[in-house]
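K.L.:
The task is simple: from the sequences and hints, build the whole structure.
Chains as they are written, first to last, in the working numbering: chain D, 468 to 787; chain B, 19 to 330.
Calculated directly from the structure, the hints in this document are not laboratory data.
Heads up, the beta-carbon is just placed ideally off N, CA and C, and yes, glycines get one too.
Derived, one-sided and incomplete: chain B residues facing chain D with beta-carbon distance under 10 Å:
| hint | residue |
| --- | --- |
| 1 | Glu226 |
| 2 | Tyr228 |
| 3 | Leu229 |
| 4 | Val231 |
| 5 | Lys235 |
| 6 | Gly236 |
| 7 | Arg238 |
| 8 | Asp239 |
| 9 | His246 |
| 10 | Pro249 |
| 11 | Asn250 |
| 12 | Leu253 |
| 13 | Leu323 |
| 14 | Pro325 |
| 15 | Arg326 |
Think about it this way: if two alpha-carbon atoms lie no more than 25 Å apart in a straight line, the pair counts; the simulated DSS-like pairs of lysine-lysine are:
| hint | chain 1 | residue 1 | chain 2 | residue 2 |
| --- | --- | --- | --- | --- |
| 16 | B | Lys240 | D | Lys547 |
| 17 | B | Lys138 | B | Lys240 |
| 18 | D | Lys597 | B | Lys240 |
Coverage of chain D stretches by chain B, computed from C-beta distances (three or more under 8 Å per stretch; other residues unrestricted):
| hint | segment |
| --- | --- |
| 19 | 555-564 |
| 20 | 573-584 |
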Amino acid sequence: MSEPVLVLEDLRVTYRTSGGAVPAVRGVSLEIPAGGSLGLAGESGCGKSTIAGAVLRLLPGTAEVSGRVLLAGKDVYELKPGGLRAVRWTAGAIVFQGALHALNPVQRIGDQIAEPMLVHQTVSTPKAAKTRVAELLESVGIPARRAAAYPHQLSGGQRQRVLIAMALACDPQLLIADEPTTALDVMVQAQVLELLADLRRQRDLALLFITHDLSLLTTYCDRLAIMYAGRIVEEGPSGDVFAGPSHPYTRGLAAAFPRIGDRSSRMAPSGLGGDPPDPAALPAGCPFHPRCPLARPECREAEPALRISGPERRAACILV
Amino acid sequence: MGSALTLLFVVCFNFFLFRIVPSDPLAHMLRGRNISREVQDNLRAAFGLDQPITTQFVYYLRETFRGNLGISFHSRQPVWDEIVERIPATVELLGVSWLFAAVIGTAGGVIAGWRRNTWKDRLITSSTMTLYSVPDFWLGIILLTVFSVVLGWFPIGGMQSVGVRLQGFEAFLDHLRHLFLPALTLSLAYMGEYTMVTRSSLVEVMSEDYLTVARAKGLRDKVVRNHHALPNALLPVVTLAALNLGFILSGAIAVESVFSWPGLGQATAEAIRGPDYPMLQGLFLLFSASVILFNLIADLLYMYLDPRVEAS
Numbered sequence: 468m469s470e471p472v473l474v475l476e477d478l479r480v481t482y483r484t485s486g487g488a489v490p491a492v493r494g495v496s497l498e499i500p501a502g503g504s505l506g507l508a509g510e511s512g513c514g515k516s517t518i519a520g521a522v523l524r525l526l527p528g529t530a531e532v533s534g535r536v537l538l539a540g541k542d543v544y545e546l547k548p549g550g551l552r553a554v555r556w557t558a559g560a561i562v563f564q565g566a567l568h569a570l571n572p573v574q575r576i577g578d579q580i581a582e583p584m585l586v587h588q589t590v591s592t593p594k595a596a597k598t599r600v601a602e603l604l605e606s607v608g609i610p611a612r613r614a615a616a617y618p619h620q621l622s623g624g625q626r627q628r629v630l631i632a633m634a635l636a637c638d639p640q641l642l643i644a645d646e647p648t649t650a651l652d653v654m655v656q657a658q659v660l661e662l663l664a665d666l667r668r669q670r671d672l673a674l675l676f677i678t679h680d681l682s683l684l685t686t687y688c689d690r691l692a693i694m695y696a697g698r699i700v701e702e703g704p705s706g707d708v709f710a711g712p713s714h715p716y717t718r719g720l721a722a723a724f725p726r727i728g729d730r731s732s733r734m735a736p737s738g739l740g741g742d743p744p745d746p747a748a749l750p751a752g753c754p755f756h757p758r759c760p761l762a763r764p765e766c767r768e769a770e771p772a773l774r775i776s777g778p779e780r781r782a783a784c785i786l787v
Numbered sequence: 019m020g021s022a023l024t025l026l027f028v029v030c031f032n033f034f035l036f037r038i039v040p041s042d043p044l045a046h047m048l049r050g051r052n053i054s055r056e057v058q059d060n061l062r063a064a065f066g067l068d069q070p071i072t073t074q075f076v077y078y079l080r081e082t083f084r085g086n087l088g089i090s091f092h093s094r095q096p097v098w099d100e101i102v103e104r105i106p107a108t109v110e111l112l113g114v115s116w117l118f119a120a121v122i123g124t125a126g127g128v129i130a131g132w133r134r135n136t137w138k139d140r141l142i143t144s145s146t147m148t149l150y151s152v153p154d155f156w157l158g159i160i161l162l163t164v165f166s167v168v169l170g171w172f173p174i175g176g177m178q179s180v181g182v183r184l185q186g187f188e189a190f191l192d193h194l195r196h197l198f199l200p201a202l203t204l205s206l207a208y209m210g211e212y213t214m215v216t217r218s219s220l221v222e223v224m225s226e227d228y229l230t231v232a233r234a235k236g237l238r239d240k241v242v243r244n245h246h247a248l249p250n251a252l253l254p255v256v257t258l259a260a261l262n263l264g265f266i267l268s269g270a271i272a273v274e275s276v277f278s279w280p281g282l283g284q285a286t287a288e289a290i291r292g293p294d295y296p297m298l299q300g301l302f303l304l305f306s307a308s309v310i311l312f313n314l315i316a317d318l319l320y321m322y323l324d325p326r327v328e329a330s
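P.N.:
What follows is the structure, encoded as structure tokens:
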């Protein structure tokens, strides 16, 4: 088997704030093989977006990072500034959420797509960059002449496509999609996801897909990792995890999506009660125990480690 | 259209503004000399001061629209000629100061904002804010005392040396030496405005997602700043600079007086002492027109610089 595109080894990220240290990621290890795809799901504040930023070392100065991030075999946190810039966008690129301000409002989109190619010299001339921008735009379903448009002249779905085209500019091995469809309406969301899936097949791209929408991940990712309070609580092949969750938290997430045609699930949507814990003040023991329907007294004492819960599956719960 | 209406309002407002001041212009014209009642009445009639205020207002409106700004009470010269004569001095002093304040102030703001909460930021922010909060004439007096009176490096006022005849390059140098202190005073005093606007605008832009995107693309820090942050962050600064350009004509009343700089600011100070109604009306009309004009220019400029603002 070839070398994995992305390896996280015991990644920990702690934000230093005026109110003290806030651990956002507390020891996450995962692997994505070349061309593989992993879906990372969890509620807001579970640390999933922090992981996206940590891979390209984009976190603010207040974030303390420990552990290792190996991107295309390079230890991102050992690289010198020049080496780091060289890996960014060529080894791993990020598809940001387009509804927010991920595009520079005063630059034409064509220039923004061409910029990384010229910086990393993946094209030799500005003219070649222009040709490639046209190809990229066409490949995401936007007419090439729109390269001269400014971001505000595009719809939300088009902006998201532009961000995908931009991420593909330097033919990266890994695409990190951080909630790429959150602000889009359902039809556009489906188009964007289909597009991502197509491009992935054509280019043999590895994908790290981050979202809070578990149902999307099962369709578009080979494997699934569920995060809770800065740790992975369950991991495995996506179909298996969604169909037969081992961890009570995954069960709660999966049950929050009503099954079409199933009356009982529609009449009684069973979500999770309560709110995700404050990362600055996690409960003792298993951080999920205050919301867990199956909690036992010993859950308050020690935080369970990930252990084998089935073929290629792991979960962090004393009940598995 | 909006600009024209504003100007009309200013024209009317100017007339009443100066007549609220409880003072007799004639007393100033006579400067305490003992002059017969008859002559006083003649003077009053000559300047139309014996007419009811409504009639004066109608005359004023009619003549203003004809382009006649009247005769100065003080110098007995047409107001327009008096003003035109002083425009070059004011435009020179204020123009030079505007340029330095804008360029240096903005550069300071960029450094402070990009490296927020470092010693550079603290040094730049605190020093420009101190200078900005100090009254400009006071700063002028201090500089004048130190550099002209104590050290004797610069002349104490005026635009050129009196009593010597200089030519060519020497005259130019002499002129620069006179310009230096008042221009320095005004530049220092108004730099802070640009620094604070630039800094806060840059800090705001720095939290935008497109800067994270720019860094993720593998761009150098400088490129992220110059190609992505500044084109967005400097939009309000350009507007500020264009608006301030409108105040160039109105001169600096206090600083021009401190340095005896023969510009429109000094003329305003003199006219207020009268009060010289026609002169004040003329000056304020010019000031307002220039501010309104540059407001319009700032709007047009913004439309050109920011693609999101469409012509309406």
